[in-house]
Each structure stands twice: as structure tokens, then as C-alpha cells.
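Colleague: In case you want the letters, here they are:
Protein chains: 2
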Amino acid sequence: MSPDASERRSPEEVVDEYERRLESVLAEVDEPVPDDEGPTLELAGLELDRRDFMKTGIAAGAMGAVAGCSSLSPGGGSGGGQSGSSESGVDHKVAPGEHDEYYGFWSGGHSGELRVVGIPSMRELTRIPVFNTDCASGYGYDDETRAMLEEGGGYTWGDNHHPNLSETDGDYDGEYLFVNDKANGRIARVNLKYFETDAILDVPNMQAIHGCSVLSPDTKYVLGNGEFRAPVPNDGTAANDPDAYESLFVAVDPETMETKWQVSVDGNLDIVDTGKEGRWAIASCYNSEEATDIQGMTRDDRDYLKAFDIPAIEKAVKNGRYDREVNGVPIVDGTQSSRLNKGDRPVVQYIPTPKSPHCVEVGPDGKYAFVAGKLSPTVTMLDLEKLGSVSDPADAVVGRPKVGLGPLHTTFDGNGHAYTSLFIDSQVAKWDIAAAVEADEGSEDPVIEKLDVHYNPGHIQALEAMTTDPDGEWLVVLNKLSKDRFLPVGPIMPDNDQLIHIGQGEKEMELVADHPAYPEPHDCVFAHKDKISPKKVYDRADYADEKPYIEEKDSGVERTGESSVHVKASTKRSEYGLPEFTVKEGDEVRLTMTNIEGVQDIIHGVAIPEHDVNLAVAPQDTREVTFTADDPGVYWIYCTYFCSALHLEMRSRMIVEPSE
Amino acid sequence: MSPDASERRSPEEVVDEYERRLESVLAEVDEPVPDDEGPTLELAGLELDRRDFMKTGIAAGAMGAVAGCSSLSPGGGSGGGQSGSSESGVDHKVAPGEHDEYYGFWSGGHSGELRVVGIPSMRELTRIPVFNTDCASGYGYDDETRAMLEEGGGYTWGDNHHPNLSETDGDYDGEYLFVNDKANGRIARVNLKYFETDAILDVPNMQAIHGCSVLSPDTKYVLGNGEFRAPVPNDGTAANDPDAYESLFVAVDPETMETKWQVSVDGNLDIVDTGKEGRWAIASCYNSEEATDIQGMTRDDRDYLKAFDIPAIEKAVKNGRYDREVNGVPIVDGTQSSRLNKGDRPVVQYIPTPKSPHCVEVGPDGKYAFVAGKLSPTVTMLDLEKLGSVSDPADAVVGRPKVGLGPLHTTFDGNGHAYTSLFIDSQVAKWDIAAAVEADEGSEDPVIEKLDVHYNPGHIQALEAMTTDPDGEWLVVLNKLSKDRFLPVGPIMPDNDQLIHIGQGEKEMELVADHPAYPEPHDCVFAHKDKISPKKVYDRADYADEKPYIEEKDSGVERTGESSVHVKASTKRSEYGLPEFTVKEGDEVRLTMTNIEGVQDIIHGVAIPEHDVNLAVAPQDTREVTFTADDPGVYWIYCTYFCSALHLEMRSRMIVEPSE
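From first to last, the protein sequence lines stand for chains A and B. Counting from 26, one number per residue, gives the positions in the first sequence under my numbering. Counting from 26, one number per residue, gives the positions in the second sequence under my numbering.
Careful, some of the hints might be misleading.
If several chains are the same, the list does not tell them apart, and a pair holds so long as it fits within one copy or across any two.
As the list claims (entries may be wrong) - Capping the alpha-carbon separation at 25 Å, the derived lysine to aspartate or glutamate pairs in DMTMM-like fashion look like this: (1) K285 / D125; (2) K572 / D656; (3) K609 / D637; (4) K343 / E126; (5) K218 / E613; (6) K118 / E576; (7) K343 / E200; (8) K118 / E498; (9) K578 / D318; (10) K609 / D266; (11) K609 / D318; (12) K118 / E535; (13) K475 / D268; (14) K556 / D509; (15) K340 / E613; (16) K392 / D477; (17) K560 / E682; (18) K475 / E123; (19) K343 / D637; (20) K532 / E302; (21) K118 / D477; (22) K118 / E533; (23) K572 / E469; (24) K392 / D465; (25) K554 / D509; (26) K609 / D260; (27) K609 / E126; (28) K340 / E302; (29) K118 / D509; (30) K475 / E350.
Please keep in mind that the hints were generated in silico from the structure rather than gathered at the bench. These figures come from a predicted structure and were not determined experimentally.
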């Protein structure tokens with residue numbers, strides 16, 4: 026099967042072709058399109074032709090893409106293997122025993138987990154398994170989490186992208202974190218009292234959820250962008266008919282974790298963020314062509330933002346003005362050709378942008394949504410106040426500065442500056458928001474400064490930039506490639522999360538630290554330490570009726586059926602409540618363990634060799650696992666946490682007697 | 026099931042009892058045992074009575090255990106929540122873009138993985154999944170790794186404790202790392218060219234392997250300590266007869282990963298290290314009582330080191346002087362009552378120590394093995410040169426300094442100092458090796474300095490301390506508890522890996538940094554960066570005949586049976602070799618993907634929504650996965666690595682047609 030080496034194209038040839046192809050895509054963006062060839066756009070009842078579209082500055086914004094194209098190889102613009110900064114004058118050290126000031130919650134991409142990182146030290150404080158299983162914490166090993174994963178679709182992995190903290194009155198309330206699974210169209214909730222995933226919703230009718238946001242200011246909904254177009258329902262009947270595919274946008278109730286409604290739209294939805302006032306959710310969109318391959322997806326030179334008018338959608342749902350109910354979910358038609366969009370109040374506004382935009386981030390004052398151009402070197406600024414009043418939503422575009430090649434995401438210092446990551450240039454551009462509104466479309470004038478990063482940055486987040494009151498001291502940029510920045514660790518290299526000092530926007534950006542990240546964080550969100558108050562020991566009042574509590578004296582074995590037993594035991598430092606117990610070959614064993622200690626940080630593990638059993642029981646917590654005792658023999662149950670000086674001697678003994 | 030709260034013992038009462046219990050155990054160690062009550066010990070044909078045993082200093086060594094017992098609560102001796110160090114004068118910063126000087130390989134405990142940490146920055150560079158599955162790297166998701174895990178016992182988790190680097194001529198050769206699984210009695214090998222696990226051996230006849238070491242100086246064997254006593258074979262026939270249980274010691278061939286031989290011994294084997302000369306493997310041992318509960322395991326006041334004489338064992342195996350062959354493995358009898366021990370050359374020497382010793386570390390010059398007392402406040406120094414010549418192996422004990430409460434592990438700076446972790450005192454004791462030999466047994470005089478650590482340290486490792494030439498600049502201590510050292514993250518807190526500057530042993534120890542660690546590292550090993558040379562792109566010469574190579578032009582679908590298809594595709598930036606393919610409902614799909622790029626750090630993922638399919642394909646690598654297409658519909662295959670500006674548009678489309 027392996028072809029002769031001489032027939033193969035060399036890896037270098039493959040890359041050359043990639044670079045030619047990307048240049049060609051960018052060049053196309055730059056080419057003026059004759060008026061008579063421009064597609065027309067039906068938008069809120071208006072005919073918008075190519076000339077009207079141009080007035081929003083798309084062509085000007087795209088200008089210059091080629092001018093900067095000489096360094097198209099990834100990271101090529103940023104100094105190769107050189108250090109991006111000499112010895113830094115700013116220190117991010119947190120002395121031994123002192124605490125970080127901010128929690129950072131990192132999505133873990135296709136690792137399926139979240140990571141909690143302290144800022145400014147950049148130390149990973151813990152991991153929170155979400156869509157993956159995790160033997161360190163026993164997540165997916167006890168009956169409760171196993172059932173939750175099963176109900177959440179039964180997959181063993183997911184691809185989490187966009188973590189969101191719950192809000193009350195527009196500020197983080199420390200209750201929940203919500204995150205999407207791109208791979209299987211799911212949304213999970215993490216309980217921030219315990220730093221544990223407590224719900225996973227496999228959203229009906231949606232294959233992939235990419236963008237994910239909570240509706241400010243009070244977390245009324247968790248919102249999700251359906252990225253992959255597919256038939257609804259996707260049962261095979263229209264699998265060969267791409268015209269019948271749809272993209273959906275979904276609203277999920279954060280408390281019940283039920284799907285409230287969905288909206289069907291054109292094209293592929295990408296990223297979403299909401300305004301601060303509870304009305305608008307702005308989603309970026311690509312593949313307005315509704316093609317099925319990359320050539321088709323990048324054919325036209327424009328795409329559309331979608332502005333979801335949440336109260337209008339709620340009203341439509343309430344009044345029964347939705348087209349269908351599929352798998353119990355009302356689906357409102359938000360396509361350009363829909364009745365609702367031709368009626369008195371469209372539920373979705375379509376705003377033209379250069380092709381294939383990527384991020385949407387709403388600034389701290391809630392005035393603008395910033396949409397990075399990806400294939401255009403510009404950021405489109407959408408005025409959310411205007412959006413509700415202009416008759417042509419394209420008129421709500423009030424700025425489109427040129428920031429550099431491959432702009433993907435934007436963040437804020439709260440002092441009037443925006444910072445945009447430039448994927449292709451491998452840079453961060455700092456620019457002046459007010460100046461961008463006043464400047465000509467496509468102007469570079471608002472840009473204040475650029476800093477090399479290493480390499481190919483994606484998301485960029487300044488401290489609490491997604492709130493109304495950013496901290497403005499530090500910024501983190503999540504670089505997709507690290508290449509030569511760390512000691513080599515084989516072909517799969519870490520990403521590089523870089524810490525940049527921005528000093529309230531009053532100083533020059535300074536690269537302070539490189540931090541390797543296991544693949545593949547996509548985004549992060551920060552909360553000041555005073556806004557998060559986790560419990561250090563399980564509070565039984567939080568689940569009094571849900572979990573049993575096994576005292577030492579309750580420890581014992583109860584036969585519950587011909588081939589089933591219930592084993593109950595307490596655990597504390599150096600002793601399980603049962604030093605030994607006997608079951609029969611083939612028994613289904615339900616094992617219930619309570620950690621009866623009340624001291625923080627004293628966890629007890631429950632490992633059974635050769636049975637794939639593995640629990641972690643925190644103080645005052647109870648965990649259960651059900652397994653089959655298939656093989657006769659003696660098995661030593663032991664504690665996986667080094668809990669005391671007598672930890673090694675801490676043991677219980679399971680004897681599995683041969684069946685007759 | 027939840028008892029009335031008033032019936033329960035409070036968590037505080039539970040802890041009080043623990044502390045009383047531990048005090049009582051330590052007090053017992055200190056009590057002089059009347060001569061006529063002392064157990065006799067048959068050792069190498071000699072009768073060693075209690076008085077002879079005393080001469081090695083056990084009682085003196087145990088003295089003082091109670092004197093220091095006033096701060097028995099974990100971490101109580103070390104300043105509670107206060108910072109252990111004021112702003113440090115020594116910096117461990119590695120500037121952006123600069124490399125660490127050392128690789129650290131951390132065992133991940135029951136997370137099942139290894140972690141690679143840069144020193145001195147303490148940044149986690151990557152993870153290496155070993156006994157766990159890992160969706161980030163696709164480990165356990167492609168057919169090859171799935172089959173390896175299946176052949177390695179089929180478990181989804183493991184508990185890795187002791188990482189060991191392969192050696193040639195006594196120095197690290199950068200080829201392999203070996204690590205044990207305590208939970209299921211396994212040994213895994215990691216290929217350091219690719220930082221990937223390439224073999225897992227489920228060792229026959231052994232339930233738990235705790236200690237693990239390679240035989241210096243040329244990695245002739247990987248050695249493993251069987252910790253849990255069980256019948257051999259463990260088939261249920263003697264499950265209720267603890268007298269019939271055995272502990273085994275195993276030697277595994279590092280190249281073929283086959284079990285060469287095992288030795289049956291008394292008691293529970295704990296930690297093992299080898300001399301530098303290829304002869305001795307020294308293992309610590311507890312539960313010489315061969316009891317089945319903690320009361321019995323800690324009853325007597327002595328235990329025994331076991332010194333495995335490797336050439337003697339090899340000779341016994343070669344000459345057929347082994348008792349049995351079980352599951353294809355020759356088992357040599359190394360118990361105290363065995364014929365071989367009464368013959369001319371014992372295969373195992375038994376050396377008495379205070380009860381329940383823990384670590385064994387052989388010093389850089391290979392002269393002494395250092396055995397920490399755990400329940401005794403002493404470190405036993407065993408002279409490996411003497412061991413081969415003295416008629417009473419107890420006479421090879423040449424030092425037993427008193428270092429503090431709960432000594433667990435010892436490390437070295439290469440300049441004559443030892444550093445012992447004190448679990449109960451939460452300290453590191455630095456002491457003078459030569460002075461300890463000259464001092465009276467149980468003397469504190471050799472101790473130079475103690476430093477508080479936070480909290481309850483286990484393994485401690487200075488840079489390359491396990492080689493003949495330690496670096497001596499830094500030391501890492503792996504603390505089991507972090508309690509208040511980091512921002513709180515719920516009931517399951519991180520461990521705390523602390524970086525301590527030791528300055529070649531010429532300076533006072535200085536605590537420089539706290540680093541949180543996801544549960545639960547047990548040990549680490551360091552190699553200078555020049556000794557590890559990973560490949561950055563797959564080298565097809567390394568597996569030319571094992572893996573196919575799919576060119577773009579080879580991409581296609583081949584029906585291989587009534588219900589099976591083989592889908593082959595290349596992958597490169599922004600395009601899969603197949604933009605779409607069609608299979609039938611119920612088909613078994615074998616999907617083979619080659620990343621045809623040759624550029625480092627450009628990984629492509631292969632994710633199929635709702636099919637639990639997830640591959641990571643590094644440059645020039647090929648991965649395969651076989652799955653069933655159960656549900657009709659359209660499924661968008663996408664890349665999980667953000668590989669280019671056109672990453673989002675990179676897609677293949679699987680159409681599953683409904684069966685007739």
C-alpha cells in the first residue's frame with residue numbers, strides 16, 4: 026500500500042501548495058468584483074446589491090491582504106526560533122504559599138476537559154473532566170458520573186471550545202461554568218462549588234455546537250451555534266441533498282439544562298457573543314454558499330453576521346410562530362427567506378461582512394460587537410444600539426479598521442483599546458476603539474502597536490475582558506503552535522499560552538512568559554478570586570437525599586439477589602470500614618463508600634486490581650460503583666491517595682469464591 | 026440509609042482517632058522489646074536473635090520517635106498556611122523562547138499518565154498517556170493503541186508510580202522510559218523518540234507492582250516489586266488461606282518486554298533500586314507478619330530489606346534450580362525458609378530494619394543504599410560492597426542517622442549530602458553521608474539543616490540524583506497535600522510540587538516555587554536536555570513495514586465485504602484527501618489516514634461526530650480506526666487541531682445511507 030518513494034510528493038511540495046492556495050484565497054478577496062457579477066442579498070426585505078455592500082467597506086477592508094502576504098508560512102512573520110522578548114522587566118511570579126489573583130478557566134479542546142489556571146503565575150491548579158473520562162478523579166468510573174455521561178450521549182470524548190461563567194446583574198456569580206462540545210453537539214455545566222461537571226445535555230437536532238455563550242446580564246440562556254449543516258432530523262432521508270441541510274441556533278435553560286428553542290438559519294454558524302442588555306446575540310457565519318467542500322465554502326467574497334433578536338424569538342415561540350417542533354423542540358425559521366424576516370420584526374438580522382469572519386466579542390461597554398475578518402485583514406465593528414433602529418442592518422457597521430493578516434479574536438483592557446490576535450502574522454495588534462469609529466474604513470490609523478507572538482494565535486483574553494469592568498493588567502494569547510519554543514517532546518507539540526503585560530493599556534505590550542499547553546485549548550475566561558468560592562469539603566446539605574452516608578458501623582455486605590450483593594463501607598485515614606468481604610464468582614457487586622473525614626484535602630481512593638474499579642472519595646462524599654466479580658481469587662482494595670504514614674497498609678480484601 | 030446525624034462520629038473525632046492511632050504505632054516502635062520476647066530470625070543459615078538484631082541499631086534508630094510527636098497532624102510541623110519562604114533570592118524563570126535545561130518525567134499516579142516537566146521552570150511540557158486513554162492525543166482511539174491497551178490487560182486506567190530511564194554504560198541513553206502500574210501489576214515502556222507508550226506488559230502471576238527500577242548500568246532488566254500477596258496462580262483455590270499467599274519479584278526484558286523470571290519472597294515488597302554494578306537490587310519490605318489487616322501488618326517492630334543477588338538468581342534459573350513454572354515464568358524460591366537460601370549462595374539476602382521501611386535509593390557512587398524508616402525516624406544505610414562479603418548481612422548496615430518523623434525518600438547532590446523527605450514533619454532534612462557512617466546509630470549529628478515543605482512530602486529528587494553524576498543545583502519535592510497553598514478548587518485539591526534550590530549542597534536550601542500537580546504524582550526522574558533527542562516528524566524508516574502511507578491520489582473507498590468498507594485518505598492543511606464518501610448503515614468502516622505534511626507541529630485531527638471517533642495524526646504518521654456506521658445520516662468529519670487559517674473549512678463528509 027505504501028507507494029514507491031519516488032512517486033510521492035515531498036512534504037515540502039505539499040506545504041508549498043498550501044501556501045500558494047492560501048495566497049490565492051487572499052488574493053481573490055482583494056480582487057474587485059464587477060458590479061454585474063456580485064450576488065444580490067435579500068436582507069430584511071431589502072435588495073442590497075454589490076454596490077451597497079461595498080459601502081460597508083468590505084473591499085477597502087480586504088485591501089492590503091496581499092501587501093502583507095510575503096510571510097505567509099505559519100509563524101513566518103515573527104522571528105522564527107528567536108525569543109520574542111529579552112529578559113522581561115515585568116515579573117509574574119507568585120511567591121511560594123501566596124495565591125494567584127485570578128482564576129482562569131481554559132477549555133481543553135479535544136482533551137475533553139477544562140483546566141483551571143492561576144493568573145498571573147500561569148500554573149495549572151487543577152483539571153475538570155467534562156466530556157472525557159478521567160481516572161485521577163474517578164470521573165466516569167462511579168455510577169453517578171457514568172450515568173451522566175451515558176445520558177449525555179454516551180461518548181467517551183468531546184471537543185470543548187468556549188467556557189462561559191454564569192452571571193447575575195452582569196457580573197460573575199461563581200455558580201456555574203458552561204461549555205460546548207463541538208464534536209457531538211452538547212453543552213455541559215460545571216458546578217463551581219465543587220469544580221465538577223454536574224450536567225451534560227446532548228442537544229437535539231444539532232450535530233456540532235461551536236460558538237457558545239451565556240445571555241448577559243443574568244444567564245437567562247446558554248446559547249449555542251450549530252456549525253455543521255445537516256438535515257433536521259438527520260435520519261438519512263436527505264443525506265444526499267445539501268440544499269435540505271440546516272444550521273440551528275439553540276437556547277438552553279441554565280437551571281434545568283433543557284432545550285428551550287432553536288432557530289434555523291442560512292450558512293454555517295461559527296462564534297457567538299451577546300450584548301450586555303439581554304437582547305442581541307451576534308453570531309459569525311461562514312459558508313453562506315452552503316457548499317460541501319472547501320472550494321465552494323470560500324467561493325464568494327462575502328458572508329453574514331447573524332444578529333439574533335432574543336425577545337423577538339421568544340415572542341415568536343410564545344405566539345406559536347414557529348414552523349416545526351422536532352424532537353420536542355420548537356424551531357423558529359430565521360432564514361433570509363423566512364416569513365418572519367419579511368414580517369414586522371425579523372427574529373434574525375443579517376449583516377454582510379468580508380468572507381469567512383471568525384470571532385465575535387462584545388466590548389465591555391456593550392456598545393460594539395467586534396468581528397475579526399480571518400481571511401480579511403480587518404475587524405468589523407457592529408454598533409448594537411444602532412442595530413435596533415437602522416432600517417438596513419448594514420448601516421450598523423460603524424468601523425472596519427485594518428489590523429493585520431488573519432485576525433481571529435479581540436479582547437479589551439477597559440480603557441478604550443482593543444487587542445486582536447493575528448493568526449497569519451503571528452502578532453497581537455493593539456488598537457484604539459474610538460479612533461477606529463472615526464477612521465476611514467480599512468484604515469490602519471487606529472493601530473497603536475503590534476507584538477510578535479509564537480505562533481499562530483487564536484483566542485486572546487484580557488482579565489475579565491468579557492465583563493463590563495475589565496482588569497486591564499494582563500492578557501493571555503493562546504497560540505496554536507509552539508514549534509521551537511520548548512524542549513522537544515516528539516511530533517505532537519504543546520500549544521503555547523503566552524502571558525502579555527498590558528498595564529491598563531497605558532504601557533507597551535510586553536511578552537512576559539511562555540507556557541506550554543497540552544492540546545488543544547481554544548479559549549479561556551477569567552474571574553477574580555473573590556468571585557469564586559468553592560467548598561473544601563462536601564456539604565451534605567447539598568445532596569442530602571441523593572447520596573447515602575455510610576458510617577463505620579454501617580459497613581457490611583448485604584446479599585440483594587441470587588447474583589448480586591451490596592457492599593457498604595466507610596473510609597478514613599489508613600482504614601476501610603471493611604477489612605475484608607467475600608462475594609461469589611459472577612456476582613454483580615454494588616460498592617458504596619463514604620469518606621467519613623471532615624478535614625480538607627484528605628481524599629481516599631478505592632482501587633480494585635484487575636477489575637477496572639477506581640473511585641476518588643473526598644471528605645464527606647459518598648461514591649458508588651457497580652461491577653461484576655468475574656474471576657475467583659483474592660483482590661486487595663487499596664487507597665490511591667497517599668493519605669497518611671500508614672497509607673500503604675490501608676487495605677481491604679475482596680475474596681471472590683469460585684461458583685459451584 | 027443515611028443515619029441520624031446525632032449518631033455519627035464527627036469528622037473531628039475520626040481525625041483525633043487517627044492521630045492517637047499513629048502516636049500509638051510510633052510509641053510501640055520506641056518500646057524496648059525484652060530479649061526473651063524477640064522473634065528469632067533465620068537468615069542465611071544463621072540464627073539471629075533479638076540481641077544481634079539490636080546491634081544494628083534498630084532500637085537506637087527508633088528512639089526519639091515520640092519525642093518529636095507533638096505535631097503529628099499532617100503538615101502540623103510546618104507553619105500552617107504561612108508562606109514557607111519570603112520572596113526568594115533565587116529565580117527559576119526561563120525567559121520566553123528559552124529552553125529549560127532538564128527534562129523531568131513525572132509519574133501521574135492514578136491519572137495513569139506520565140507528565141513531562143521542564144526544569145527549572147516547572148512548566149508541564151506535555152503529557153504521555155500510558156495506562157489511561159486520552160482523547161487529546163487519540164491514545165486508545167486508534168486501532169493500534171487500542172490493541173496495545175487490550176493486550177496489556179484491557180483496563181482503562183492504571184496507577185503509575187516509578188518512572189525509570191533506560192541506561193547505557195550507567196548513563197541515560199534517551200531510548201526508553203519504563204513505569205509500573207500498581208493497580209494491575211503491569212509495566213509499560215515509553216519510546217522517547219516519539220514520547221509515546223509502545224508496549225504494556227501485564228506481568229503474569231502478579232496483582233500489584235509497586236517498586237520498579239531498571240538494572241544499572243545497561244538496563245539488562247526492568248525489575249518490579251510485587252506488593253500484594255496472593256496465591257500463585259490467583260485462581261480462587263487458596264483465596265481464604267493467607268498462609269498460601271506469596272509476593273513475587275520480577276525481571277522483564279526491556280527489548281522484548283517479556284517476563285524472564287520471578288522470585289518468591291516473604292512479606293510485602295515496597296520500593297526497589299539497584300546498585301550501579303549490576304549485581305544488587307535492594308527492595309524494602311513491610312508486613313513481614315504476613316497479616317491481612319493494618320493491625321497485623323504493624324504488629325512487630327521489625328521488617329526486612331531484601332537484597333536480590335541478580336547473578337545468583339540468573340544462575341539458579343539457568344541451572345533449573347527453580348521450584349515452579351507458572352504461566353510460563355520460572356519462579357525461584359527466595360523465601361527465608363528456602364533451600365537456595367540454605368545453600369552455598371543465597372539468591373536473596375534478608376537485612377533487618379525498623380518496621381515498615383519505605384524508600385530505597387542507591388547513592389551516586391553506588392556505595393550505599395539508603396532506606397527511609399517511615400515509622401522510624403531514621404535512614405538505614407546499607408553498604409553494598411560489604412553486602413557481598415559479610416557473613417551476616419545485618420553487618421552491612423553501616424549507618425542509621427536520625428533525620429526526623431516519617432522519612433520516606435532520599436536524594437543526593439553528588440557532593441556528599443543526602444536529602445530526606447519527612448512526611449510527618451513536613452520537612453526536608455539535609456544531612457552529611459560520611460558523618461552518618463561515622464556517627465553513633467540513631468544520632469542526629471549528621472543532620473545539617475531542615476526546611477519546611479508544604480505538606481507531607483513523598484518522593485524527593487535532585488537533578489540526575491539517580492545517576493553517578495548528579496547536577497546538584499535543584500531539588501524537587503513532591504508533597505502529597507497542598508491544603509491552603511493555592512486558590513481553592515473544590516474538595517479534590519492538587520498536590521504541591523516544590524522546587525528547592527540546593528546550590529551543589531554548598532548553600533542553605535531555599536524554597537523557590539510551589540507548583541500544583543493534578544493527582545497524584547509519586548516520583549520523577551530527570552535527564553539533561555542533551556540526553557533526550559525526540560523526533561519532530563515521524564520517520565517512516567522507523568515503521569516502514571508496519572504502517573501504510575496514503576497519498577492524496579490513493580484516497581478512496583474500497584468495499585471489502587458485504588458489510589465492510591476500507592476508507593483511505595490523506596490529510597494536509599485545510600483538506601482531507603476525500604471531500605466526501607458514502608457507506609451503508611451497519612457497515613464496519615476501517616478508516617486509514619496519513620498526514621502527508623513534513624512540517625513539524627502541523628497535526629491533523631480526524632473527528633467524526635456522534636461516532637466517538639477521534640484520531641490525531643502527526644506529520645508523516647498514519648493512523649487507523651475501525652468503527653461501525655450505525656445510524657443513517659450525514660456526518661461532517663473535521664480537524665480537531667487548528668491547523669491553518671482555513672481550518673474551519675477543512676471537512677470531509679460521511680454519508681451513511683439507510684439499509685434497504
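Colleague: It remains to establish, for every hint, whether it holds in the given structure.
Modeller: Each hint, compared with the structure:
no., hint, in the structure
1, K285 / D125, "neither (38 Å within a copy, 51 Å between copies)"
2, K572 / D656, "neither (30 Å within a copy, 37 Å between copies)"
3, K609 / D637, "within (18 Å within a copy, 35 Å between copies)"
4, K343 / E126, "neither (44 Å within a copy, 64 Å between copies)"
5, K218 / E613, "neither (33 Å within a copy, 44 Å between copies)"
6, K118 / E576, "neither (45 Å within a copy, 49 Å between copies)"
7, K343 / E200, "neither (29 Å within a copy, 66 Å between copies)"
8, K118 / E498, "both (14 Å within a copy, 20 Å between copies)"
9, K578 / D318, "between (65 Å within a copy, 17 Å between copies)"
10, K609 / D266, "between (56 Å within a copy, 16 Å between copies)"
11, K609 / D318, "between (58 Å within a copy, 21 Å between copies)"
12, K118 / E535, "both (15 Å within a copy, 16 Å between copies)"
13, K475 / D268, "neither (43 Å within a copy, 74 Å between copies)"
14, K556 / D509, "between (37 Å within a copy, 18 Å between copies)"
15, K340 / E613, "neither (52 Å within a copy, 47 Å between copies)"
16, K392 / D477, "neither (29 Å within a copy, 53 Å between copies)"
17, K560 / E682, "neither (42 Å within a copy, 50 Å between copies)"
18, K475 / E123, "between (33 Å within a copy, 22 Å between copies)"
19, K343 / D637, "neither (50 Å within a copy, 37 Å between copies)"
20, K532 / E302, "neither (31 Å within a copy, 60 Å between copies)"
21, K118 / D477, "both (22 Å within a copy, 20 Å between copies)"
22, K118 / E533, "both (20 Å within a copy, 22 Å between copies)"
23, K572 / E469, "neither (61 Å within a copy, 50 Å between copies)"
24, K392 / D465, "within (19 Å within a copy, 78 Å between copies)"
25, K554 / D509, "between (34 Å within a copy, 14 Å between copies)"
26, K609 / D260, "between (45 Å within a copy, 13 Å between copies)"
27, K609 / E126, "neither (54 Å within a copy, 55 Å between copies)"
28, K340 / E302, "within (17 Å within a copy, 82 Å between copies)"
29, K118 / D509, "both (24 Å within a copy, 18 Å between copies)"
30, K475 / E350, "neither (50 Å within a copy, 71 Å between copies)"
In this structure, the earlier hints numbered 1, 2, 4, 5, 6, 7, 13, 15, 16, 17, 19, 20, 23, 27, 30 are contradicted, and the remaining ones agree with it.
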